[in-house]
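Same order as they appear, the protein sequences are chains A and B.
So that you can map any letter, position 38 of the first sequence is 330 in our numbering, and since no number is skipped, the others follow by simple counting.
So that you can map any letter, position 273 of the second sequence is 565 in our numbering, and since no number is skipped, the others follow by simple counting.
Certain hints may be false.
Identical copies look the same in the list; a pair holds intra-copy or inter-copy alike.
As the list claims (entries may be wrong) - Cross-link-like lysine to any residue pairs, in silico, SDA-like; alpha carbons within 25 angstroms at most:
1. Lys660 / Gly324
2. Lys660 / Thr556
3. Lys297 / Glu340
4. Lys660 / Ala429
5. Lys517 / Gly627
Quick caveat, the hints were computed from the structure, so don't treat them as lab data.
Protein chains: 2
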Amino acid sequence: MDDRKEIFLDHNSARATRSEAVEEMSRLFADGFGNPQSVHDRGQRAAEKLENARAEVASLVGADPEDIIFTATGSEANNMAVKGIARARKNRSNRVIISPIEHHSVAIPADSLRKEGFELVTLPVDSTGLIDPDSLAKAVSDGAALVSVIHASTEIGTIEPIRELAAICAEKGVPFHTDSWGTAGSIKIDCKDIPLNAMTIAGQNFGGPPGAAALVIRKGVPMKKLIEGGVQERNRRAGQENIPAIAGMGIAARLALREIGQTTAALVPLRDMMIKNLIESIEDVILTGHPEKRLPGHASFCVKYIEGEGLLLFLNQKGIMAASGSACTSRSLKGSHVLEAIGLDAATAQGSVVFTLGPENGKDEIGKVIDEMKPVVSRLREMSPIYREKKNGAL
Amino acid sequence: MDDRKEIFLDHNSARATRSEAVEEMSRLFADGFGNPQSVHDRGQRAAEKLENARAEVASLVGADPEDIIFTATGSEANNMAVKGIARARKNRSNRVIISPIEHHSVAIPADSLRKEGFELVTLPVDSTGLIDPDSLAKAVSDGAALVSVIHASTEIGTIEPIRELAAICAEKGVPFHTDSWGTAGSIKIDCKDIPLNAMTIAGQNFGGPPGAAALVIRKGVPMKKLIEGGVQERNRRAGQENIPAIAGMGIAARLALREIGQTTAALVPLRDMMIKNLIESIEDVILTGHPEKRLPGHASFCVKYIEGEGLLLFLNQKGIMAASGSACTSRSLKGSHVLEAIGLDAATAQGSVVFTLGPENGKDEIGKVIDEMKPVVSRLREMSPIYREKKNGAL
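Could you build the full structure based on these sequences and the hints that come with them?
Now the structure itself:
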C-alpha cells in the first residue's frame, strides 16, 4: 500500500457521493434540469425526476412517498420537525422531550422552545448512551407536544430502541420524531413497523450528494412551516427543489436499499477489528457507546491523557482522516454534550476520536491505522503533564 | 433552425448551470469534497473552497466576504432575513414594512410576523410597479423593525430605486433588506454604494447550480437564526455546507461579474425587440412592469381575453417554454398578488405570460416566438366567451 495514500475514516462528515448519483446529476446539468413548478415539458421532466426520487427515498425507509418532504440538509429537517411540530401543538401540551445525546440541530431548537415557554424534559441515558423506555413512559405520561430521540448517535454510534420508544408515544397520542441522519441507508428501517410520526434522513449518509435531505412526516401531523413562501413540497417547505441533488439522493437510496445487507456484513467485522485491536494494543483507550447496538461502520473512543484534536492532526500527517465528534461542532471548541451525558469526565472526553468507516475501507487500512496510532498516542502522552503524573504515581 | 428545437425563455425558473461550475462540481465529487468543519486535510481543502467562493460571491455585489452567509435557496435567505431580523428587533419596533410585489418567501413570512403581533405595512406601488420613496419615508418615520423591498420583481421585471429606499432607512437607523434574487448577477450592484443591511442573492440567477444561495448581512445587524444547530457560517446558519454547489456558485459569480456588461448589452435589445413586436403585432397585449427600469432579459405581458396557462401549453407544443408568473406559485392556481398590486383586474391578470431570456437566446428565436404567438392567441381567443362578447360589442 502506498504510504501516502489517504485513509479516509471520516464518512460521517463527508462521504463520497456514489458515482451513479454523480452521473445522473451530470446528465441533468447537461440537459437543463428544469423546475417542477413549470407547466412546460422541461418542468414536467423535472417533476417526474422529483417524484421518482421521492418514491426511491420513501422505499429506503418503508415510508409513503406522500410523506416525504425534501429539504437541503438534515439540520433543516430537524429544525422543521422539532420547532414546527411543537409549536403547532402548543395548545395541546407545552412539554418537549428529547434525549441528552441529540444532534445540535435538535438540541438547540429544543432549547429555543424552552426559552419561548415550553417545558423541556431531557431523558437520562446509561453509560452506553441507551435510553430506558421506562423513563420515556414516565416523562410522557401527562402527554407532550413532541418527543424527539435520535435513532443513532453519530458521535458514539449507539442505536436507540426506536420501535419501543415510538410505541410508547403512539399509545399516548404524542408525535414521535427521530433523527435518522446516521441510520437511514446504514441499517434497515421500515416505517411500516414503527409507529413514528416524523423522521429526518439525509442523502449524504448513504452516498447521495450534499444538498438533499428529507423529513418523513406522516399525514395528519400538524407542523408549522420553517421556510415559508412558494407551494413546493405540498406547501410544507418553500424554495426551489434542488432537482439534481434530489435525483442523486433517489439513486443513492435505491442502491443503499439493495446493498444494505452486504454493506453491513462488510463493515461490522472491520469495525469490530478496529475496536478490539485498538483497545488491546493501547492502554487506557475506552470504547464510547454501546459495544453491540451500534452503527455498522462506527468505532468511537476516548484515548485517555491526550487531546483528540492533537491526535487527529498527527494522524492527518500520516494521511489518516478521522473526527473528534460531530462534524457540526468540531470547530466550536466546546466539550461534547454527548460524552458528558454518558458520564465521562471532561478530561477523558477531551481524548475523543471517532472513526466512521465506509465501503471503500479495507482490513489493511484498519491495520495501518492501529499501527500508526500506537506511536502517535505514546508521543502525545509523553507531552501530557497528566499522563506523566499518572505514570510517576504508578511507579 | 430546427423546428423541434426547444426555445427556452423561462430562465427565471431554471437557468442552465454554467459549464465551468459543473466542471468544478464534477472535480469535487470525484476528489471527495470534504467538510470544512473537519480538521484534516480534506476538511481544510473544503474550507478553502468555501472561503474562495465566499470571496467571489462577495465581489459580485461589492460586499465584505465576512457578511456572506450561504443558504440553500433564496427562499431560505428571505425567511432568515425577514423573520430573523424583525424578531431580533421586536423590542425596538413592532412595525414591518414591505412592498406589495414581494416574492412569496418575503410576503408570507411578513404575514406570519403580522399574525404574531407585528404591524405589517405594505407600501403602494404605481402601475409600473415602482415604489415612491416618499411613501417609504412616511411609513418609516416612526421607525420599524425591518423594511424589506424586492430589488426587482421577477414577475414584472421592474427595478426598484433601492439606493434611495436604503438611504431613507439608514437615516432612520432601520435595517433594510432587499431580495436581489433576480438582480444579483443580472445588473451591476455595489453594496459599498448602497446603505443596505441585508440582501438575498441566489446562484441560480447567474448560472450557479441549485443548492447554493446567500444572505448578505452586514455586521452588527441582529438576526435570530432560522436553522439552529452546528456552528457553520459563523454560527448563523446550521447545516453542512454544500461545498460542490457553493464552489459552483463562486465560479458563476466570478464569470457573471466579468460578463455582466456584455450580457446586458446582448439581452436588452432582444427584450426590447420582443416587447415592441409583440405589442405591435397582437392587439390587446399589455406590457407589465416598467418599460425601461426593468431586468435586462425580462419581457412580461398580459394577453387580454385568454388564460396565460393555456397560452403556455400551446407554446410548449411548439417547443417554446415560458412562465405565467413566479415559478414558486405557478401551480398554486391563485391570482397574482403582483399583478393585482399594479392595478390589473383579475380577468386581465389571468392572461399573464413571462419570458425571461438568457445568454443562449438569439434574435431568430424571439422572431419565431412572436410568429408562433399570433395564431395561438387567435385560437385561444376564439375559444374565449369574453373575447366573443367584446368582438360582437365592437362590431
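Consistency of the hints with the structure:
1. Lys660 / Gly324: between (45 angstroms within a copy, 21 angstroms between copies)
2. Lys660 / Thr556: Close inside one copy (22 angstroms), not across copies (58 angstroms); limit 25 angstroms.
3. Lys297 / Glu340: Between copies, since 21 angstroms is at most 25 angstroms while 41 angstroms is not.
4. Lys660 / Ala429: neither (46 angstroms within a copy, 69 angstroms between copies)
5. Lys517 / Gly627: Answer is between: at 22 angstroms across copies they meet the 25 angstroms cutoff, but 32 angstroms inside does not.
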